[in-house]
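Those sequence lines, one after another, are chains A and B.
Residue numbering for the first sequence follows the numbering used here, starting at 1 and increasing by one per position.
Residue numbering for the second sequence follows the numbering used here, starting at 116 and increasing by one per position.
These aren't lab readings, by the way, just hints derived from the structure by calculation.
Glycine included, each C-beta is placed from N, C-alpha and C at the ideal position.
Please note that a few of the clues may not be correct.
Okay, the calculated beta carbon distance ranges per label pair [claimed, not checked]: (1) B:145 - A:53: 38 to 48 Å; (2) A:41 - B:188: 17 to 27 Å; (3) B:192 - A:41: 21 to 31 Å; (4) A:18 - B:132: 30 to 40 Å; (5) B:211 - A:115: 43 to 53 Å; (6) B:199 - A:40: 49 to 59 Å; (7) A:79 - B:194: 43 to 53 Å; (8) A:29 - B:130: 38 to 48 Å.
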Amino acid sequence: AQSVTQPDIHITVSEGASLELRCNYSYGATPYLFWYVQSPGQGLQLLLKYFSGDTLVQGIKGFEAEFKRSQSSFNLRKPSVHWSDAAEYFCAVGEYGGSQGNLIFGKGTKLSVKP
Amino acid sequence: DTEVTQTPKHLVMGMTNKKSLKCEQHMGHRAMYWYKQKAKKPPELMFVYSYEKLSINESVPSRFSPECPNSSLLNLHLHALQPEDSALYLCASSPLGQGAYEQYFGPGTRLTVT
Chain A
1 AQSVTQPDIH ITVSEGASLE LRCNYSYGAT PYLFWYVQSP GQGLQLLLKY
51 FSGDTLVQGI KGFEAEFKRS QSSFNLRKPS VHWSDAAEYF CAVGEYGGSQ
101 GNLIFGKGTK LSVKP
Chain B
116 DTEVTQTPKH LVMGMTNKKS LKCEQHMGHR AMYWYKQKAK KPPELMFVYS
166 YEKLSINESV PSRFSPECPN SSLLNLHLHA LQPEDSALYL CASSPLGQGA
216 YEQYFGPGTR LTVT
């Protein structure tokens, strides 16, 4: 069965510092991979996605993620964090070739930003 | 318009009440979803509608009854809920096919069952 692991429950970074959120997946074939962000009291917003091709993908709000098949990882990065980036971040995997949108979410990483 | 709207924002109901949650999108998406999210947890898929037909029911208790009256609207009818059903209920929509994972979420309805 597919699974997603986000090892860090809570991360605090200083404003302007770089950020990396970790995500590992378990899936037999090439998965579809996603990062979603949820601000307090809000729904989820898609940051970026990986289906195939270039393993470094760019997303919205200055985020990027790199797919590393050998490490079964899809880590999210941002070179300089802004206070508005404080939120919950969810990594998710979708079944390759699936079409029903059945996403498997990780447990999430809460990002706090220090001034 | 890339917005998914949900009403109401907050709902408090007793265990004997009947209430409904509403969701609307005008992006032309033909897939719509209900998720349940407990505090500090990821969303859990409840139902998926494709072309207004129920395609996935993740073993949700019958006290939750979804309805998709047309391609823009999705309802969740609630009856005889339990306190443990208190949660944030999220609606989402997406295209079909590979794009089904690029889901647009509404802000959710915060449900409290007393």
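For each hint, the structure was consulted:
no. : hint                      : result
1   : B:145 - A:53: 38 to 48 Å  : 26 Å, violated
2   : A:41 - B:188: 17 to 27 Å  : 23 Å, holds
3   : B:192 - A:41: 21 to 31 Å  : 24 Å, holds
4   : A:18 - B:132: 30 to 40 Å  : 49 Å, violated
5   : B:211 - A:115: 43 to 53 Å : 44 Å, holds
6   : B:199 - A:40: 49 to 59 Å  : 23 Å, violated
7   : A:79 - B:194: 43 to 53 Å  : 50 Å, holds
8   : A:29 - B:130: 38 to 48 Å  : 44 Å, holds
Hint compliance for this structure: hints 1, 4, 6 are broken, all remaining hints hold.
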